[in-house]
Amino acid sequence: MIDLDDVDRAICRTLAADAGVSAGELGRRFGLSQPAAWRRVKRLEEAGVIAGRRVEVDRAALGFGVTVFLGVKLAARGRVSLEDFERAVVAIPEVQVVQHVLGLFDYRLRVVARDIVDFERVLRRRIMTLPGVGNVEANVLLTEERRPGPLG
Amino acid sequence: MLDETDRRILRHHLAEPGLARAELAARAGVTVATLWRRLERLGAAGVIRSERAVIDWRALGYGVEVSLRFTLDKTDPRAFDDFIAAAREVPEVLAIETFLGRVDVRLNVIARDMAHYQEVYRSRILTLPHIAELEALMLISTIKEQEALPL
Chain A
17 MIDLDDVDRA ICRTLAADAG VSAGELGRRF GLSQPAAWRR VKRLEEAGVI
67 AGRRVEVDRA ALGFGVTVFL GVKLAARGRV SLEDFERAVV AIPEVQVVQH
117 VLGLFDYRLR VVARDIVDFE RVLRRRIMTL PGVGNVEANV LLTEERRPGP
167 LG
Chain B
1387 MLDETDRRIL RHHLAEPGLA RAELAARAGV TVATLWRRLE RLGAAGVIRS
1437 ERAVIDWRAL GYGVEVSLRF TLDKTDPRAF DDFIAAAREV PEVLAIETFL
1487 GRVDVRLNVI ARDMAHYQEV YRSRILTLPH IAELEALMLI STIKEQEALP
1537 L
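Just so you know, the sequences run in chain order A and B. Sequential numbering of the first sequence, starting at 17, is according to our numbering. Sequential numbering of the second sequence, starting at 1387, is according to our numbering.
Please note that a few of the clues may not be correct.
Claimed, not checked - Straight-line alpha carbon distances no greater than 30 Å define the calculated BS3-like cross-link-like pairs of lysine-lysine that follow: (1) B/K1530 to A/K89; (2) A/K58 to B/K1530; (3) B/K1460 to A/K89.
Hints in this document: simulated from the structure, not taken from any laboratory. Since this is a predicted model, take the numbers as computed values, not measurements.
The shape of chain A in the complex, shown without the other chains (with noise of 0.2 Å):
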């Protein structure tokens, strides 16, 4: 694992909230050369912790105004293929994130949709026909708020 100091936990949370900062800016802000600069970034990119970017955009804006969080549950019953439910729910376009998890539900998702008639028609025609699945709760999105984590 790979040891950071101040220096280094203070590049990534600026990143984490602006990519665009330059290595000349980050440079200035934090009293290093460009090329110096440009090496801790480098560093961190190699080592993973820096692991890609991520664009935000405003979804409602392009026409997704509805976005639900859904909790799955595999039926009990009958052989359930984890690959099979795995490998039909990453094909659905509308589903941006795929989580396997341990509690009450087997999967978390996140889903888009333009509007709640149009989720209704993802919900019963793509989620609700995957191999396997039980139980489905929703939950609609109102607010997220992204927190910069222990780099502090």
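Fit chain B to the supplied structure of chain A, relying on the hints for placement.
Below, chain B alone, put in the same frame as chain A:
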């Protein structure tokens, strides 16, 4: 407001957010100058909210991730505000989401291991205000995670 070019750019941008601008322009079939102009406009219009680096917490030694689902005691009108303000003070909380449904609020919490999780859970989570009920889903694996929309 959005035309076909905007949609094409967004489709490729959301599908592969790590692409360099030149490569993104090539895939979307526009010049780099057009791409910059369009991205700037989409940003100014608030359609693109942010581009963020994704931190892999496992690589930093946080091996445990738990989704905590709360039902709040809503007889207190300040329940949501108090709860969310207190949750923001917990460094191990990565996300705060509010819902319409059986669940009121969800927190995404990470910890280094189960012992650390238990410590965070007891000292920082169970002490949050206005909790009526909570249940935990422990993350085993993330099978799909994307921001792409069926545009």
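Comparing the hints with the structure gives:
no.	hint	result
1	B/K1530 to A/K89	holds, 17 Å
2	A/K58 to B/K1530	holds, 26 Å
3	B/K1460 to A/K89	holds, 28 Å
In terms of the numbered hints stated before, the structure departs from none.
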